[in-house]
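If you're matching them up, the sequences are chains A and B in order. Letter by letter, the first sequence follows residues 1 to 255 of this note's numbering. Letter by letter, the second sequence follows residues 256 to 767 of this note's numbering.
Bear in mind the hints are in silico, worked out from the structure with no lab data behind them. Be a bit skeptical, because a hint or two may be false.
What the hints assert, rightly or not - Straight-line distance between alpha carbons at most 30 angstroms, and here's what the computed DSSO-like set of lysine-lysine pairs gives:
#1 A/K228 x B/K734
#2 B/K476 x A/K185
#3 B/K654 x A/K185
#4 A/K185 x B/K699
#5 B/K734 x B/K699
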Amino acid sequence: MRIGLFATCLGDTLFPEAVKSTAVLLARLGHEVVFPPGQTCCGQMHVNTGYQREPVPLVRNFADQFGDASIDAVVMPSGSCAGSVRHQHELVAERYGDAALRAGVATVRAKTYELSELLVDVLDVTDVGAYFPHRVTYHPTCHSLRMLRVGDKPLRLLRAVDSIDLVELPEADSCCGFGGTFAVKNAETSTAMLQDKMRNVTSTGAAVCTAGDSSCLMHIGGGLSRIKAGARTLHLAQILSSTRTSPYVLTEAAR
Amino acid sequence: MSATFLGMPATPPRSPYGTGNLRGDRKFPAAAHDELRNEQLRSNLGRATHTIRAKRLHVTGELPDWEELRDAGSAIKTDTMNRLPELLEELERNVTARGGTVHWARDGVEANEIVARLVRETGSDEVIKVKSMATQEIGLNEHLESLGITAHETDLAELIVQLAHDKPSHILVPAIHRNRDEIREIFLKEIPGVDPSLDNVPAHLAGAARAYLREKFMTTKVAVSGANFGIAETGTLSVVESEGNGRMCLTLPDTLITVMGIEKVLPRYQDLEVFLQLLPRSSTGERMNPYTSMWTGVTPGDGPQTFHLVLLDNGRTAALADRIGREALNCIRCSACLNVCPVYERAGGHAYGSTYPGPIGAVLTPQLAGMHAAKDDPNSSLPYASSLCGACFDACPVKIDIPSLLVELRHQHTEQSGTTAEKLAMKAAGAVMSRPKVYTAAQKASRLGRALARDGKLPALPPPLNGWSDSRDTPAPPKQSFRAWLASAEGAAAMREASAEHTRDQQQEDGK
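Please work from the sequences and hints to get the whole structure.
Right, dumping it as C-alpha cells:
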C-alpha cells in the first residue's frame with residue numbers, strides 16, 4: 001500500500017522520534033511510505049481556539065498535499081490531528097472555503113487514519129512483530145477515544161507485543177488535562193487534572209505511559225519529569241517499532 | 256438588481272446585562288484559581304461525581320434500547336425547537352381552556368414583575384418554592400425579597416443554600432459543596448426554634464428541615480414552581496423530584512405560579528415516555544424518580560384553584576436564532592454532563608458564575624446572556640473552560656454535541672472580539688504554516704531554543720505560557736526535525752533497512 005505520512009507540526013518539529021517510528025514500522029510491514037514535503041499543520045489548534053478563517057490555507061494545503069489519488073491512505077501518529085481532519089476540516093471548508101476546497105477535503109477525509117486505525121482496520125494487523133520488555137500503561141487520549149472511537153485497537157496492538165508487561169491505567173478514560181490552549185488559558189485547572197492522571201500512572205508502577213498522541217504525552221511527560229516520578233512517556237509508535245534486533249533502549253532521552 | 260431593501264430581522268434580545276444569575280463577577284480562570292484551593296469542595300466533588308457516574312452507567316447500561324432512547328429524545332427536542340412558536344401557542348390554548356392563565360415574559364425582569372404582581376394579588380407576603388432552575392436564573396427570590404415577599408425554598412439542598420445565603424453549585428445537587436458539619440451549623444444558626452442539641456447525622460438534619468418545612472407547607476397560600484415539561488397537546492405541566500416537597504407545593508396552596516423556560520415544551524403527552532426514562536437515569540442514576548407530578552390547569556375542589564403559567568424567554572429566542580447553537584436548547588437539565596466533566600470535577604459550579612454550570616452551562620450561559628466583547632465579559636471565558644475531552648457528549652441523554660458547541664462559541668467570540676494579540680499570533684502561525692519553506696525555516700530557528708536548555712529541558716516560559724511551565728517541563732527542540740532526518744543519509748538508510756527487513760521476512764515465509 002502507498003501510505004501518505006502526515007508528521008503533524010508537533011511531531012515533525014518537537015517529537016520526531018514518534019514519526020520516525022511510524023515511518024519505519026510501516027516500511028517494515030512492507031508498505032511504501034511517502035512524505036509530501038509541502039505538508040505543515042492541520043490547523044487543529046486554530047479551530048479549537050476559536051479561529052476558523054485563519055486555518056483555511058492550512059486546510060487547503062493539507063488537501064492539496066494528500067489529495068493525490070496515488071496515495072491510498074493518509075496516516076498520522078495523532079488521534080487529535082486525525083480527528084481534526086475528519087471532523088473540523090469540513091466545518092472550515094463549509095463556512096469559509098470554496099467548492100474546490102470542500103471537494104478536496106471530502107476526498108482526503110475519507111482516507112485519513114490515526115495509526116492504530118490504519119494498522120488494525122486497513123492493514124488488518126495486530127501483531128506487528130514488536131518487542132518491548134517493560135511495564136507499560138496506556139492512556140487512551142480523549143480524541144482517539146471519543147472523537148475517532150478507536151476503541152481497544154491500540155490495546156490490541158500492545159497486547160501482541162512480545163515480552164511487554166501491559167498494566168491497566170486506573171480511570172484511563174479521564175482527560176489528562178491538556179486540551180491544547182486549555183493548558184495555557186486554564187493552566188491551574190489543567191494542572192489539577194494532570195495531577196490525578198500522574199497519580200494513576202505512578203500507581204501502576206509502569207516505567208512507560210504510552211498513548212497515540214504526542215500532545216497529550218508532552219503534557220503528561222512534562223508533569224512526570226517535573227515531579228521526577230520515575231515514569232516516562234513514549235508514543236505508541238515507538239513501542240510498536242521496537243524489535244528484538246533493534247530494541248528501544250529505555251534509558252535514552254524521551255525523544 | 257432589485258433596489259428593494261427587505262431588511263434583516265433584528266437579533267432577538269438576550270438576557271439583559273446585570274440582571275439575574277447568568278453572569279459571574281470574574282472570569283473562569285480567576286474564579287477557578289480560588290475554588291481549586293478549596294479542599295472540602297475538591298473532596299466532595301470527587302466523591303459525589305464518581306459515585307453518580309457509576310450509578311448512571313449502571314442504570315443506562317441495563318437498558319437494551321438506551322441509544323435508541325437518546326436518539327428519540329434528541330429527535331423530539333429538535334422537532335420541538337423547529338416549531339417552537341406553534342407549540343407554545345398550542346400550550347397556551349390548552350392551559351387556558353383548562354382554567355389556567357398564561358403570561359409571556361420577554362426576559363427575567365418581566366417574569367419577576369409578573370410573579371411579584373400575582374403574589375401580591377393573593378394578599379400573601381410569602382411563597383413556598385419547588386426547586387427551579389428558571390427562577391434561579393432570573394433571581395426571583397432576590398426580587399421578591401426586595402418587595403418584602405419571603406420565598407421559602409423547600410428542596411432540602413436548596414434550603415441549605417438559601418439559609419446559608421449561598422448560591423447553588425450544581426444543577427441537581429445544589430449544596431454539593433457543603434458537608435454535614437457545615438449544614439448542622441447553618442441549621443443551628445438559621446432555623447428558628449431548632450433543637451440546639453442537633454447533631455450532624457444526616458437523618459437528624461433532614462428531620463430538622465422537615466419539621467421546619469412542614470409548617471411552611473401547611474400555612475403558605477402561594478407556591479412557585481418551575482417545570483420539567485409542558486405538554487402542548489394537553490396543557491399538562493410536570494415536575495419530577497425526589498423528596499416530595501414538590502408534591503406538597505403543587506397540591507396544598509391555593510395559588511400555584513409556574514415559571515417555565517419556553518424550550519421546556521413537548522409536543523405530545525406520549526413524549527413523556529421517552530423523557531421520564533431519560534431524565535432520572537441520567538440525573539440521579541435511578542430507574543425512576545420518587546415523585547412525578549402532573550397537573551392540567553385547575554381541577555375544581557382539588558389542589559390549587561388558581562394556576563398561572565409564566566413562559567420565560569430570557570435569551571432563548573436568541574439561542575434559537577443561532578443555527579448551530581440552538582442545539583443547546585434541547586437540554587433537559589439532568590446534569591449528567593456536570594458529573595462526568597473533569598473540569599467541573601475540579602473547579603466546581605461556582606467558578607462558572609451562572610445558574611447553569613458545567614459543560615452545558617459553559618454553552619447555555621453565553622447563549623442566553625451573551626458574551627459582550629466591549630465589557631470584558633466573564634461569560635466570554637466560559638467556552639474556553641473545557642479541554643474538549645468529549646465526556647459530556649457521551650453522557651448527554653439528548654446527544655447534545657457540547658464540544659462542537661464550545662468550539663462554535665469560541666469562534667463566535669473571536670469573530671466579535673476585533674483584533675487581539677492572540678488573533679494576530681494565530682494569523683501569523685497560519686501564514687507561516689501555509690508556506691512550507693517559511694515553515695521549515697521557522698523549524699530550524701526553533702533549534703536555537705536548544706541553547707537555552709539544561710538537561711534537555713527549557714527554562715520557565717514567559718507569559719502567556721508561564722502557566723504551562725509552572726507545572727510541566729518543556730523538552731528542548733530536538734537536533735533534527737523529522738523531515739530533516741528523512742532527507743538525511745541516516746534517514747534514507749533507516750527506511751531502506753526497514754523495507755529490506757520486510758523483504759527478508761517475506762523470503763523466510765516463502766522458504767518455509
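How the hints compare with the structure:
1. For the given pair, A/K228 sits about 24 angstroms from B/K734 by alpha-carbon distance, which is consistent with the 30 angstroms threshold.
2. With a C-alpha separation of about 50 angstroms, the suggested pairing of B/K476 with A/K185 is violated against the 30 angstroms cut-off.
3. With a C-alpha separation of about 27 angstroms, the suggested pairing of B/K654 with A/K185 holds against the 30 angstroms cut-off.
4. For the proposed pair A/K185 and B/K699, the alpha carbon gap of about 27 angstroms is at most 30 angstroms, so the pair holds.
5. Of the supplied pair hints, the one linking B/K734 and B/K699 holds, its CA atoms being roughly 9 angstroms apart against a limit of 30 angstroms.
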